[in-house]
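Student: These are the residues of each chain, in order.
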Amino acid sequence: MTNSMAEIENNDVLFIIGSNTKENHPIVALKMIKAKRKGAKIIIADPRRVPMVRFADIWLQHKPGTDVALLNGMMHVIVKEGLIKKDFISSMTEGFDDEFRKNIDEYTPEAVSKITGVPAELIVKAARLYAGSDKAGIYYTMGITQHAHGTENVFSVANLALLTGNLGKESAGVNPLRGQNNVQGATDMGCISNSYPGYQRVTIPAIREKFEALWKVKLSDKEGLTATEMLPAAEKGVIKALYIMGENPIISDPDVAHTTKALKALDFLVVQDIFMTETAELADVVLPASSFAEKVGTFTNTERRVQRVRRAVNSPGSAMKDSLIIMELSKRMGYEMSYHHTVEIFREIGQAWPAMAGMSYARLEDGGLQWPCPTNDHPGTQFLFKGGFPRGKGRFSLVKYKQSVELTDKDYPFILTTGRQLFQYHTGSMTRRVKPINAVSPEAYVEINPEDAKRLAIVDGKQVKVSSRRGSIIAKARVSKWPNAGVIFIPFHFKEAAANVLTSSTSLDPLSKIPSFKVSAVRIEKA
Amino acid sequence: MANLTINGKQIIVPDGVTILDAARRNDIYIPTLCDDPRLEPHGGCRLCLIQVKGMPRPVTACTTPVTEGMEIETTNEQIERQRRTIVELLLSDHPNDCMICDKAGDCTLQELAYFYDIRSNRFVGERRQYTKKDQNPFIERDMEKCILCGKCVRVCDEIQGLGAIDVAGRGFTAKVSPAFEKDLNCEFCGQCVSICPTGALMGKQSVGKGRQKDVKEVETVCTYCGCGCNVTLHVSRNEVVRVTSRPDTINEGWLCVKGRFGYSFINIPARLTTPLIKKDGKFVPASWDEALDLIAEKLGAIKEKHGPDAIGGLSSARCTNEENYLFQKFIRAGIGTNNVDHCARY
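These protein sequences, in sequence, are chains A and B.
Everything in the first sequence is counted per numbering that gives the first Met the number 0, starting at 0 for the first residue and increasing by one.
Everything in the second sequence is counted per numbering that gives the first Met the number 0, starting at 0 for the first residue and increasing by one.
Hints are supplied without guarantee of correctness; some may be wrong.
Listed below are the simulated BS3-like cross-link pairs for lysine-lysine, each with C-alpha atoms no more than 25 Å apart in a straight line [to be verified]:
{"id": "1", "chain 1": "B", "residue 1": "LYS304", "chain 2": "A", "residue 2": "LYS260"}
{"id": "2", "chain 1": "B", "residue 1": "LYS304", "chain 2": "A", "residue 2": "LYS330"}
{"id": "3", "chain 1": "A", "residue 1": "LYS320", "chain 2": "B", "residue 2": "LYS215"}
Here are some chain A residues the structure puts well away from chain B; computed CB gaps all over 10 Å [as the list claims (entries may be wrong)]:
{"id": "4", "residue": "ASP86"}
{"id": "5", "residue": "PRO412"}
{"id": "6", "residue": "GLN462"}
No wet-lab data here; the hints were simulated from the structure.
These figures come from a predicted structure and were not determined experimentally.
Think of the CB as a built atom: it goes at the ideal place given N, C-alpha and C, for glycine as much as any other residue.
The shape of chain A in the complex, shown without the other chains (with noise of 0.2 Å):
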């Protein structure tokens, strides 16, 4: 989040697009009915009726993966209208030049209204609302960036904020809801491929030497590769081993059965966990490592917020702590991490990355600090980009709406958009062993529209089966009115009928290598 969550109340205006935030983000929710209580106009722009709506004032309900034509439909009608922050524009960014401003032309409200299904008068009545406002808070998750396009989406949303002035300040920013505990933390302290801690690139040679210098070592000037590309190159046999911690791809990822058949292909797979996962069991090692309460460190949450995690209870049986089963495996393959308490970790982190350079753990007893906080005496840093961006200018990317990767045709009619729901998280891993979370969510269902739901003669409550090109699964049918027409929802977190059967793992977005989860082609067929 470029903004904080304390600052979405005083928000005039959240357009919240891609997100479920009451299910998925329950407390930055509340933040956002405490705001409409204020007084704030809300937006909601998703295909489904997601429980936020019922706060909204305008809904916008689009076609999944048609956010490019839907953001640049509500540029369009703003630039029409004149409501751009001509003084931001010309000495905050760059590139909203003619050619900016033709591509934008083309996507009349009449148009849009076309590719998304949403009626034109609400998209230039989201534009006038939107633009109208100069603290206005945009709020996405992976409704916008798990697409074959999830970067274009991306860079339209920002382009939305750069042409409204509405980025760089209090309660007016772009804000990715970062949908796990310690996210933000994983993807800060380089676990991606392409990054040391603190997004440093491992293919510039000054920053290699810095922490080969830190490190001691000799290291690799070459990318690695993403989680989605490890998998196909363990199918191929270019990766011979995994190592997998607290991860459970075969739930999570997409298109189970390629996940499956790539990891039974290694020579060598270990997993480190606290239960034994749908992936464990596939493992050649299975290491018992601790849970949340039974550990000492930090996590980030989605505001950057770095805060300390306590030790509460012991590990059960001989389970280790995962840095201490880290650090013994590094000493036995010959390269030594010694550290006596993870507070030398952390010292660490801060001469790695400057940005938590002004952390320690005692300044992170009363509530965390927000990075970038650089010096001991700095306060963190509340919101970004005040008086400027990183790169210099904030950059107007030039977007076309593209059509998903995967398009429905007459044997696969509807899309399939999957994700998380109120009681069950992520792989279910934890939450599926919680008796009385099982007991109000049990088992997966499939979302589908009365209007379909009639024509197939589909019976809410009873086993449908639903089958896309990779394959098929059976759960039973809720027939509801938050999909549209012609769109199903699936939860993903149900082993049983594990919605990432269905996936595809090839529709990638090129850029970032995110699975396209919310648009695959399916057929839904009583069971």
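Given the coordinates of chain A, assemble chain B onto it according to the supplied hints.
Tutor: Just chain B now, kept in the frame of chain A:
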């Protein structure tokens, strides 16, 4: 800013705050059962009645804004007598089973009974009798212990935006209830449980697992989504028995169903407790030395034969920054490849 006096003490507070707020800012105690600073003022329980010079009758501190020059008295014999009577009336229709109540030691009503030394009750009479029938798996509702302060109703409406419950009935038969007196079927966030001043609302999983005096509280961060809610783990005998959150946190003390009630996975027998090595398709328990030596040997051989880029590592968004840092350092510096990633895309 407004100048006023409370109990003869000169204080200055911002305009528009309530008398209760002004008192709290200056560490002056006014008892209340229905107020929470995170909710709209309510004025239901009448415990915060105070006297303001020039006003004919006592007023509720929680709903009365301060004005310049106000002279306030928060305690005197008459006020305390009124408060004692209110608590006595509440207790006259209460099970008074503190000895077996999970809330004992953490109960505002119990504290007030202690404070006003209420041993006998002048108002003995009919008590409400309700059967506990709610089948929901999260929240125990004992309406006989409810004092109708309305906090649960208000938090559900004002904060959670849900309105799953309301006060049904009138007078003696009034009770907090879901629509048509059905079982609770809501988002189960448990904000109502967290805000209840008595034992009327409790987390079902916590019942019988130890009362407040027996738990150790540990402040940490939730393990689920990216909101980063601050949670307090209540630990008894190496088991997390309850999860709460403090109001002075980024999440203002509010949690969701997973954060508040999704903790029992920590302690269950299904946890992995020993390293396992697969032999002939079956997992066999192994020592740490055996398991780690085997991994080091296998990875070492693959690196030797196929180079470091034949090895990959997937790290975890569940794990800490320190662990993630170590993991990528191990893959990059220990193994020698940049094939390291995690589940940010899923």
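Student: Now, for every hint given, state plainly whether the structure supports it.
Tutor: Here is what the structure says about each hint:
no.	hint	verdict
1	LYS304/B to LYS260/A	holds (23 Å)
2	LYS304/B to LYS330/A	holds (20 Å)
3	LYS320/A to LYS215/B	holds (22 Å)
4	ASP86	holds (33 Å)
5	PRO412	holds (26 Å)
6	GLN462	holds (24 Å)
Of the numbered hints listed earlier, not one is contradicted by the structure.
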